[in-house]
Structure formats: structure tokens, C-alpha cells
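Novice: Protein chains in written order, with UniProt numbering: chain A, 1 to 259; chain B, 1 to 364; chain C, 1 to 335.
Among the clues, some could well be false.
[Stated by the list, open to error] Covered stretches of chain C (chain B as the covering partner; in silico rule of three or more C-beta atoms under 8 Å from a C-beta of chain B): (1) 53-59; (2) 135-146; (3) 167-181; (4) 214-221.
[Said to hold, decoys possible] Computed far set for chain B versus chain A, every beta-carbon distance over 10 Å: (5) Pro51; (6) Phe56; (7) Leu63; (8) Arg66; (9) Ile134; (10) Leu242.
Since the hints were made in silico from the structure, they are not lab data.
Ideal Cβ positions, reconstructed from N, Cα and C, are used throughout, including at glycine.
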Amino acid sequence: MGQRIDVEHLNVYYGDFLAVQDVNLNIQANKVTAFIGPSGCGKSTVLRTLDRMHEITPGARVEGKVLLDGHDLYGKDVDPVAVRRDVGMVFQKANPFPTMSIRENVLAGIRLNNRHISKSDADELVEWALRGANLWNEVKDRLDKPGVGLSGGQQQRLCIARAVAVHPQVLLMDEPCSALDPISTLAVEDLINELKRDYTIVIVTHNMQQAARVADYTAFFNLKAVGKPGHLEYFADTTTMFNNPQNEEAERYISGRFG
Amino acid sequence: MSPNKNGNISTTTDLRDSSDETAKNSVLTASASQSVDVSANVSCESAPVTPDFSKFAPSDSLLKRREWKSRIMAGIITAAFVIAMIPLVSVLWTTIARGVKRLNLNFLAYNMSGVIGGMPTPSGGHGGIEHAIIGTLEVTLGAMVISVPIGLMCAIYLVEYARGSKIAKAISLLVNVMSGIPSIVAGLFAFSLFTILLGPGVSNGFEGSVALSILMIPTVVNSSVEMLHVVPDDLREASYALGVTKSRTIIKVVLRTALPGIISGVVLAIARVIGETAPLLMTAGFIVTTNWNLFSGQMTTLPVFVYQEYSKMSVTCPPSAGSECVSSIPSERAWAAALVLIAIVLVLNLIGRLIQRLFSVEAK
Amino acid sequence: MTDASEYDRAEKDMGVTVDTRNADAKNEPDAHSHDGIFHMAALFCGALILVALGAVVLFLLLRAWPIFAGPRSQTEAVFTSLSGGKAHGFLQYVGPLIFGTVVIAALALVIAFFVAVGVALFINFYAPRRVGTVLNYVVDLLAAIPSVIYGLWGALILVPAMYPFWNWVSMHLGWIPMFAGPAANPPRTVASAAVILAIMIMPIITSMARDILAQTPRLNQEAALALGATKWEMIRLTALPFAKSGMVSASMLALGRALGETMAVMMVLSPGMTYSWHWLQASKSQTIAANIAAQYPEADSLGVSALIATGLVLFVITFVVNLIARRITKKGGAR
């Protein structure tokens with residue numbers, strides 16, 4: 001089951017530069033929450049702070065709280081590695097491990113946790129994860145072939161399978177469809193709809209139709225000017241956001257007047 | 001879903017209740033209702049069975065072990081770095097510390113003629129490396145004159161004329177073979193070539209140049225090929241489209257664009273061969289006086305000088321000589337010459353990389 | 001738009017204007033013959049590589065030939081004097097030399113490889129970025145230090161400094177044949193020679209390994225971290241598999257360098273002609289390259305032939321090692 005995430009007074013800095021200012025956000029468990037907004041408004045940055053992935057960028061740091069089911073991810077004794085085990089992530093571009101087979105890619109996360117997995121357990125998990133990612137029927141005959149041999153859409157679904165195989169509570173998706181063709185995009189969107197039964201999903205997207213199709217809630221990020229920090233402008237359930245937004249900037253953005 | 005697994009479902013709940021950790025045998029966690037739920041929702045595929053994730057879950061001790069392993073590896077890697085730096089810093093430091101003792105103008109301006117034991121020469125020094133510097137410059141210049149045209153033209157042939165052809169592949173292979181020739185073998189080759197063609201006992205600076213060019217040509221070819229590949233094809237096509245002939249295109253467009261990179265490659269190649277000792281030991285030889293003629297007579301080079309002085313180690317001072325006689329003078333000269341050699345090599349490297357850097361900035 | 005700018009650039013680069021183009025057209029036959037000459041010159045230089053390589057082999061064979069063709073009594077005398085009475089034929093003579101060459105180079109590679117990979121990992125993944133850039137320069141400069149200087153430093157600084165360590169090893173690990181004591185003092189031994197060679201080839205492996213490691217796709221690194229990998233697991237999962245073939249081929253190239261290294265070994269090692277595994281004892285082994293450089297000044301004409309013959313053997317060994325290295329690179333590159 002997914003867990004809820006509460007973001008409280010979050011500031012993100014790159015070095016001395018304040019990239020994102022004072023974000024307060026409640027992300028519901030087992031719902032899809034979409035982040036939309038113009039380029040450079042910090043939506044990917046905020047997404048990455050939800051599993052502390054921003055920390056691999058030198059100089060990046062945060063102030064404020066991110067609570068995963070009430071536990072602060074930035075608490076004193078919290079290990080970022082442990083955070084990332086609970087919060088999975090799918091990236092903009094598919095990134096299967098090039099030296100591994102499809103099967104090994106799916107098992108990569110689990111193998112870190114547990115080196116002695118029986119073959120039958122592993123088979124079961126691979127099938128489950130690949131079925132969950134709607135990829136099983138396409139690859140079941142070539143599980144031992146390299147993951148990079150798949151098409152772009154298949155690779156992205158393989159990455160989703162790899163992320164769900166460790167059974168995280170939350171799945172973060174950073175523009176997962178931006179490099180995909182329309183058919184693969186639809187496949188991934190269907191998949192998101194199915195996955196939210198088991199996970200809390202946060203998705204960054206540039207595509208407003210996509211946000212409208214998959215998201216239950218939508219957060220609109222904005223920035224006042226280039227060089228100014230980004231901020232959360234407006235947060236609402238998706239129907240409100242796209243049909244009757246109570247925020248002028250959001251309405252302008254959604255109706256395509258800027259961004 | 002296999003039948004025997006289905007049969008396990010009833011026991012599953014018990015096992016999970018008793019202990020998540022110990023449930024190692026193949027069990028299913030999905031309750032019957034859940035699997036129905038799943039199959040109802042997943043449209044096109046048969047029902048996936050949610051595996052029991054507790055059996056994949058890491059135990060606390062394993063998590064700690066992983067964290068510790070990561071820390072230990074970080075420690076080992078840092079230690080490897082420190083260990084590696086110790087000798088390398090020591091090489092530089094000793095060479096500088098011991099080299100400066102005898103490094104002065106006198107040392108640079110005089111050769112070794114008239115040096116007797118540890119006694120000072122009439123000029124007030126203890127001998128010097130003037131002849132070795134001249135020898136090194138001439139021998140290296142000779143090697144450059146041979147290698148650069150051949151290496152560059154070969155690279156042009158590989159990239160501009162025969163790109164991807166079988167001949168190009170064969171030549172590239174040979175260049176790679178050539179780059180693997182040990183320097184002593186290159187020395188033996190130059191020695192054999194000259195003694196067979198010009199009679200036994202021939203030894204001159206140019207022989208050393210030939211030996212060094214065997215080592216230098218492959219380096220020049222490889223770096224030039226790399227640089228020529230960087231020149232974008234549109235530039236060539238643009239030139240052809242203007243009706244410019246191929247040779248003119250290569251000289252005026254391709255070479256001019258790639259020039260800084262090629263020069264930097266040549267400088268680095270020089271830096272590599274200028275420190276070669278073994279091949280010069282057996283070709284250019286060793287004398288104490290200055291020889292300006294590259295094509296006749298032996299010629300001392302800096303690395304050979306370092307080696308020769310090292311081999312002498314020390315001289316004996318007669319009891320009557322007094323404090324003027326320095327018995328450890330050969331090794332002191334060796335360190336001073338080594339310092340000059342290192343300085344030359346490092347400066348050449350810096351120049352080469354500087355050119356490279358300026359070029360890459362320009363490319364942006 | 002880009003096309004146009006490139007035309008401009010090409011035109012500027014060539015200093016070619018419409019006028020010169022017309023001039024070119026007028027001198028059409030002339031220009032073409034220039035073209036032909038240039039083409040031929042390039043081809044000639046390409047072919048010269050083949051000629052040079054052929055010449056190397058040919059002249060070495062020619063000059064080595066007397067030792068195989070000469071009267072048996074004379075050649076035997078040569079090998080006897082070269083080996084100090086230990087060998088009477090070519091194979092007997094070159095055997096221990098091959099053994100010494102391979103053992104010392106292999107030992108050096110084993111020492112250098114792990115340290116070099118450690119340094120490369122440190123530069124890429126542990127050092128702050130700015131420190132890493134500086135270290136890159138340092139490694140490149142260290143790779144450029146001439147071998148005679150490593151030899152000088154090795155003989156005068158490293159060898160005396162290492163005696164206590166080797167002595168300790170022989171006392172405590174002496175039951176392993178390789179470390180059997182008593183440790184020579186000064187330790188002009190196989191072990192010390194291997195250490196100095198390791199120091200010399202370390203920067204070579206480091207610089208190649210770090211270049212390959214730096215190309216590890218960042219996306220894969222992020223993927224590993226997002227799966228909950230620790231830093232080391234991220235490296236093991238992405239960087240090491242990615243760089244494996246490159247690092248192996250780098251170490252093969254470094255092995256080629258170590259096999260052919262002359263000065264440092266000659267200046268550090270006290271030579272011997274045995275098949276001994278006692279690495280801490282002096283006068284046990286010698287390498288082909290160091291042997292040539294050491295014996296060459298005193299050898300007569302036939303003696304030089306014998307030394308050149310051993311040089312050919314060295315050539316073949318390094319050739320094979322380099323060929324293997326290229327094979328590995330190609331296979332890795334195919335991915």
C-alpha cells in the first residue's frame with residue numbers, strides 16, 4: 001500500500017542559489033499527483049527531494065520537512081539509501097543497466113537487499129513485476145537478452161518493473177513519457193492507472209493532457225521570473241485544476257497563454 | 001499460477017503471522033480475495049500473483065552490513081589513493097630537493113670535459129650538462145622531423161582518403177603494433193639498421209633520432225587521427241561544394257581546423273620520447289664533450305647523462321684534495337640533470353595540454 | 001541556417017572567395033595533378049608504416065642471424081660468457097630471462113591494477129569535483145615522468161627505504177616460498193623491481209580507467225541510487241561493469257609497457273639467471289630489456305646478435321600482449 005507524503009516549508013538550494021521556495025504540499029496515498037508548470041520552475045527538483053536524489057548534485061541541499069507517513073525523510077538519523085528503498089523513481093529517459101539481462105535488471109534492486117534468493121522466488125518476482133509493468137507478454141521469451149535491446153517504450157516499462165520490484169511505498173516519475181512515442185505513452189499511462197492501487201504516485205509532466213488523463217491531484221509550479229526561485233502556485237484536484245481553477249496564473253498556463 | 005502453489009495459500013497466512021523473517025520456503029502472500037481483485041482489474045493479462053515481499057526484505061543486520069561495506073570500500077579507495085600519492089610525491093620532491101643543490105648556471109653552461117674526479121673545474125663548477133641539453137634537443141628535433149610529416153600524412157591518409165577501407169584498417173593495426181614496440185627494441189633496430197648499412201661501430205645522434213621516431217610515429221598518427229575525426233564532415237562538404245580540390249580542402253580546411261589539436265598531440269609525443277634512455281644508450285652513445293653535429297660522432301643526451309652519472313655513483317677523493325673535492329658529485333649531478341629533464345617534460349606537457357584546452361574552448 | 005554558417009566558415013577558413021574559385025577552375029589540370037601528388041604522398045606515408053615495421057623485424061632478424069647460423073663452438077662460448085656459465089644455447093639463455101620478465105611485469109601489474117582502479121574511482125566518485133580535475137592533471141603529469149628518473153629514485157630512495165618492510169615480510173610470511181628469507185639488503189630484488197614498475201605503470205592504468213569510468217552513464221548511476229543502492233553498490237552495479245573491458249585492456253597495455261621497461265629495472269635489480277620464485281632474494285632474476293641494456297656495452301659482435309635475438313623474443317611477447325589488449329577493447333567497444 002502506498003503512503004502519504006507531506007511537504008512542509010521546503011526550500012531547495014543549489015549552492016547559494018534558492019531554486020525552490022517554501023513548498024507546502026500534501027500528497028495523498030494511493031493517488032496520482034501530477035506536477036505541472038513551465039520549464040525551470042523546480043518541479044523536477046521538488047520531485048527529486050522526495051527521495052533525496054537531489055543530494056547527488058554537488059551543492060544541493062534542502063530546508064524544511066518531507067514527511068513520509070509522518071516520518072521526516074530529512075531527520076537526523078535517516079539514511080538516504082533507506083529513503084530510496086521506500087521511494088522508487090522512474091526517470092525521464094529509460095535507463096536499464098546495459099550489462100544486465102532483462103531478468104537481471106528487474107532483480108537488480110532485490111539482489112542488493114538479499115543475495116540468496118531461490119530461483120523460483122526470483123522467477124515469480126520477475127514475472128510479477130513484468131506483468132505489473134505490462135511487459136511480460138512481450139519479453140517472456142527473451143528474459144536473458146540484454147535490457148538495452150528493447151524498444152524505447154519497452155525499456156521505460158522495464159525500468160518501471162525494476163522500480164516496482166523492490167516494492168516501494170511511493171513511485172516518483174520524472175517525465176516518464178517525454179522520450180516515448182504516443183503508443184508507448186498510452187501504455188505507460190494505463191500502467192500508472194493500474195499501479196496507483198498499490199503505490200502513491202507522483203509524476204512530473206510537461207504534457208497537460210497527460211496530467212488530466214492520469215492524475216487525481218495536480219500541483220502547478222511557477223516562477224515569477226527567470227533567476228527567481230520556483231514555488232508552488234496552486235494545488236487542487238485535477239478536475240478543478242483543469243475545469244475551474246481558482247488561480248489566475250494556473251488558468252493562464254492551462255489555457256495555453258504562457259509557458 | 002501453478003496448482004501446488006494454490007494449495008499453499010492456506011498455510012501462508014499462518015507462516016506470515018508467526019514470522020515474516022523465517023518464511024523462507026516458497027509461499028504466497030496474496031490472499032484469495034486479492035488475487036481475484038487483481039485479475040478483475042488487469043485487463044489484458046492473466047492475474048499476476050503478488051509475491052511475498054517479506055522474503056525479499058533485507059534484515060536489519062544486512063542493511064548495516066551494506067552500509068558498512070560501502071564505508072569500508074570508501075576507506076579502501078581513499079587509502080589506495082593515498083598509497084599511490086606517496087611514491088609519486090616522493091619522486092617529485094626528492095628530485096627537486098636534491099636537484100637544486102647543483103643546479104646553477106655553471107651546470108647548464110659547461111660540459112663534462114676537463115672534469116677530474118670530484119675536483120672543481122677551472123670555471124669553478126663541477127662539470128655540467130650543456131652537451132647533454134644540446135644532444136637531447138638535436139636528437140629529439142631529428143626524431144620530430146622524421147615522425148611528424150610521416151605520422152601526419154599517414155593520419156591524413158587514414159582519415160581523408162581511406163576511411164573505413166581495408167587498407168586503413170590494416171594500417172591502423174600496424175600503427176597499434178608499432179606503438180607497442182618496447183623502446184629497447186626500437187634502439188636495437190636503429191643500431192642494426194646503421195651497423196648493417198654503414199658498417200660496424202657507427203654511432204651518431206641521428207641513429208638515436210631514428211630509434212626515437214619509431215616510438216614517436218605511432219603516437220603522432222593516433223593523436224592526429226583523433227583530431228582529424230573531430231573535424232565535422234559538413235566542413236569538408238562545404239569546401240567541396242565550393243569546387244575546391246580535395247588536397248586544398250585538406251590543407252586549408254581540415255588541417256587548419258585540427259591544427260591546435262595536432263600540435264598538442266605532437267608536443268605530448270615529444271614529451272614522451274624526450275625522456276627515453278635505453279634506445280639512446282645503444283645508438284647515440286655517450287661522450288663528455290659537446291657535439292653539434294647530429295650526423296657524426298657520439299652525442300650525449302640528458303637521460304643517458306643521468307644514467308651514466310648514476311652508474312658512477314661516487315668518486316674517490318685523494319686525502320690531499322681537501323674540502324674542494326666532492327666525492328658524491330656524480331649522484332649530485334644525476335639529480336640535477338634529472339631535475340632539468342623533469343622540468344622540460346613537465347613544461348612540454350603543460351604546453352601540450354594548454355593548447356588542447358584553448359582548442360576545446362574554441363570548438364565550443 | 002547552420003549550413004549557411006558553415007559555408008561561411010569554410011570560406012573564411014580557406015580564405016577562398018569567388019575569385020579564387022574561378023582561378024582554381026582555370027588551373028583545373030594543375031590543381032588535379034596537385035591533388036594526385038598529395039594523395040600519393042599520403043598513401044606513401046601510410047605504406048611507410050608497413051615498411052618501417054617490416055624493417056624493424058627484418059633488420060633485427062638480419063643482425064640476430066649470426067648467432068643462429070654461426071659455428072656452434074663460437075655461439076656456445078658467447079652464451080656461456082653472457083650468462084656467466086649458466087647457459088650454453090639460446091633457449092637455455094633466454095628461458096630464465098623470459099621467466100624474469102614475465103614474473104616481474106605480472107607482479108607489477110597486480111600491484112598497480114588495484115591501486116590504479118582505486119585512484120580512478122577516488123577521482124571519479126569520491127573526490128570533490130574541483131580536486132578531481134587537479135588530480136587528473138597530476139596523474140597525466142606523473143605518466144610523463146621519464147623512466148630513468150623513476151630508476152634513479154627507485155635505486156637511491158625506494159630500495160633502501162623498503163628493506164625494513166621486506167625484512168618484516170620475510171620474517172612473518174617466510175613460510176610462503178615467494179617470501180622466503182633472508183631478505184636481501186639492499187633489496188635489489190624481484191619484489192622491489194616489481195614495486196618500482198608498478199609505480200611507473202600505475203598512472204597509465206589510472207588515466208585510462210578514469211576516462212572510461214567518467215563515461216559511466218549518469219542515468220544508470222541515478223537508477224542504481226534510486227533502487228536504494230549504497231554508493232559502493234552503485235559503483236559495483238553501474239561503473240565497474242561498464243568500465244570492465246576498458247580497464248582490462250588498459251592493464252594489458254600497461255603490462256606491455258612493464259614488459260619492455262628497461263632503465264628502472266636495470267637500475268634497481270641485481271640480476272640473476274634462475275627460475276627462482278624467491279622474490280625477496282637478490283640475484284635471482286633479470287628481464288630481457290634490462291639484460292640487453294646492461295650487457296650491450298661489453299658484448300662483441302656475436303654477443304650483440306645474441307642480445308638482439310632476445311630482443312626479438314621480447315618484441316613477440318609484447319606484440320601478443322598488445323594484440324590481446326586491442327581485442328578486448330574491440331569487444332568492449334562493440335557493446
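Novice: Against each hint, give a clear statement of whether it holds in the structure.
Specialist: Results of checking the hints against the structure:
| no. | hint | result |
| --- | --- | --- |
| 1 | 53-59 | holds (count 4) |
| 2 | 135-146 | holds (count 8) |
| 3 | 167-181 | violated (count 0) |
| 4 | 214-221 | violated (count 0) |
| 5 | Pro51 | 5 Å, violated |
| 6 | Phe56 | 5 Å, violated |
| 7 | Leu63 | 7 Å, violated |
| 8 | Arg66 | 7 Å, violated |
| 9 | Ile134 | 50 Å, holds |
| 10 | Leu242 | 39 Å, holds |
Figure legend: structure checked against the earlier numbered hints; hints not met, in rising order: 3, 4, 5, 6, 7 and 8.
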